[in-house]
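K.L.:
Spelled out, the chains give:
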Amino acid sequence: MKVVPSRSSEWVRPVTSQRPASTIIGIDRVSQVFQTSTRKDHVALSDISLTIDEGAFVSILGPSGCGKSTLLYIVGGFVSPTRGTARMKGQPITGPGPDRGPVFQEFALFPWKTVLGNVMYGPRQQGVRATEAEAQSRMLIQMVGLKGYENFYPKELSGGMKQRVALARTLAYHPEVLLMDEPFGALDAHTRTRLQNDLLNIWERDRKTVLFVTHSVDEAVFLSDKVVMMSKSPGRIREVIDIDLPRPRRRNELLLDPRYQKYVVEIERMFDESDEVGSAS
Amino acid sequence: MTRRAAPVLACVGLLAVWQIASLALESDSFPTALEAIRTIPDILGDKESLINILASLRRMTIGFGIAVLVSIPLGLSMGRSRAVAAFFNPLLMVVYPVPKAALMPIIMLWLGVGDITKTLVIFLGVSLPVIYHSFEGAKAVEEKMLWSGAAMGLSPLQRLVRIVLPAALPEILTGCRTGLVLALITMITSEMIARQSGAGNILFNALDMGQYDTVYAMIIIVGAMGICLDAAFERIRARLVRWSEPQFDMPLSFS
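Chains as they are written, first to last, in the working numbering: chain A, 1 to 281; chain B, 282 to 536.
Just so you know, the hints here were simulated from the structure itself, not pulled from any lab data. Please read these numbers as outputs of a predicted model, since none were measured by experiment. Hints are not guaranteed to be accurate.
For lysine-lysine, the following DSSO-like pairs were computed, each having C-alpha atoms within a straight-line distance of at most 27 Å [unchecked claim]: (1) A:Lys262 to A:Lys232; (2) A:Lys147 to A:Lys89; (3) B:Lys425 to A:Lys155; (4) B:Lys425 to A:Lys40; (5) A:Lys232 to B:Lys425; (6) B:Lys425 to A:Lys89; (7) B:Lys425 to A:Lys208; (8) A:Lys208 to A:Lys89; (9) A:Lys40 to B:Lys420; (10) B:Lys420 to A:Lys155; (11) A:Lys113 to A:Lys89; (12) B:Lys420 to A:Lys113; (13) B:Lys420 to A:Lys147; (14) A:Lys113 to B:Lys328; (15) A:Lys232 to A:Lys40; (16) A:Lys155 to A:Lys113.
Excised from the complex, chain A in its bound form:
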């Protein structure tokens, strides 16, 4: 088994986590092969092994087509890997479940339901009484900053607001792991920044495990405890980098922090290198 070297030794060890971390997600030698329309095999993921600690914010960073979303879908149970296994708390993942809540770039809200109806959907499915589900959902809607929009339909909302609803809808059924698939990828820069800040604020309250797929280096460094860098064709883990920056993180402070800048520059440099290798071959 190829062991992926961690760069963490080059940086100061993290001091943020107090309790001993236990593994919540284990990905063991996972490969994913798709058959393309020309009947050629396309290796989306090749021999991926990765463990994710409970309560960690982990980003999977990579260029488009490196299979980072596919990896997330495998953990979600939406896609079965061609080889290897993904485990949640030691149990092999065989399908989707409420312990792993997805948030997609496309929002995937239920357009026939109001904001409140969308957020209540999960708890109601889990058998929570209507009055209780409604009270909880209203609180969540307030938490994501959408108080007053409870009775709006998704089509009446902007992209950023839709993604807030999607986040609230997923949080409403209390998943142990949040699976975020480029959630801010379809938003403009300003909205994106605001949602990143709000996501961090919400995350810092209960420190749920988050697996966050992105192609933005800034976003990955700003949000994460750990950044998993992937390279493409075939999709492999290139590097796992611990991000040792103090929490709670404030964007205006962080942008001026030389450590933050160093992470960003270093990661970008590594991507440039791999691009050169890619273009030479």
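Following the hints, complete the assembly by docking chain B onto the known chain A.
P.N.:
Relative to chain A, chain B alone:
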């Protein structure tokens, strides 16, 4: 105000053109609009005619109702399952271009000229557009929406009923609206072929006997039935899928 008045004006305009054309042509087989309209109360006041029209409506309701109840689940299943689609697609491809009225002689041989035959023809006419639109609607449902539902713990059947059905509803109702008009058309056609009772029966009997006032009056009555049914359906549809409508819409109905 103008929005409500426009369709009425269009009807009045059409009747006016009819009136003038008929006066100009002076043909026995082309009564004036006024003559035709004056005949309507006679038809609607006649018990025999009323029984005929109600029989038509009953067959249409049953045919349309059963067709919708069968076609929506079938179309949705086809849209979400390759296996179901592969099984039913060739079958529907063969039936689709055949005029349903052309099947009537065969159906009459088996089932006689009564209600069952006519209702079956209406059923066939309505089924195909409803299946097709349900199929297309179900196929277009976003995969991620279903994944979101699966993560909440919805079983495949629950996803079909509680996600695919509502998500595809605008498309399904478009199919039903086409189906409703086809129900009216197949209703009259079936009564034309197997004359025994119904609105079509009155119309074609009058034609045979040269009662052209009645022929044209029946065309108005059937037309009005179509307009009213469509308008009523459009109201229900608009209520059900308000969430999907664009803010400004061009109304294409009399509702």
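K.L.:
Each hint: holds or not?
P.N.:
Against the structure, the hints come out as follows:
1. A:Lys262 to A:Lys232: Roughly 24 Å between the alpha carbons, so the hint for lysine 262 of chain A and lysine 232 of chain A holds.
2. A:Lys147 to A:Lys89: violated, 35 Å
3. B:Lys425 to A:Lys155: holds, 17 Å
4. B:Lys425 to A:Lys40: holds, 26 Å
5. A:Lys232 to B:Lys425: holds, 24 Å
6. B:Lys425 to A:Lys89: holds, 25 Å
7. B:Lys425 to A:Lys208: Holds, because 22 Å separates the two Cα atoms, which is no more than 27 Å.
8. A:Lys208 to A:Lys89: Cα-Cα ~14 Å, so holds.
9. A:Lys40 to B:Lys420: holds, 26 Å
10. B:Lys420 to A:Lys155: holds, 21 Å
11. A:Lys113 to A:Lys89: Violated. Lysine 113 of chain A to lysine 89 of chain A sits at ~33 Å, over the 27 Å cutoff.
12. B:Lys420 to A:Lys113: holds, 20 Å
13. B:Lys420 to A:Lys147: Distance ~34 Å between lysine 420 of chain B and lysine 147 of chain A Cα, so the pair is violated.
14. A:Lys113 to B:Lys328: Judged against 27 Å, a Cα distance of about 48 Å means the pair is violated.
15. A:Lys232 to A:Lys40: holds, 17 Å
16. A:Lys155 to A:Lys113: holds, 10 Å
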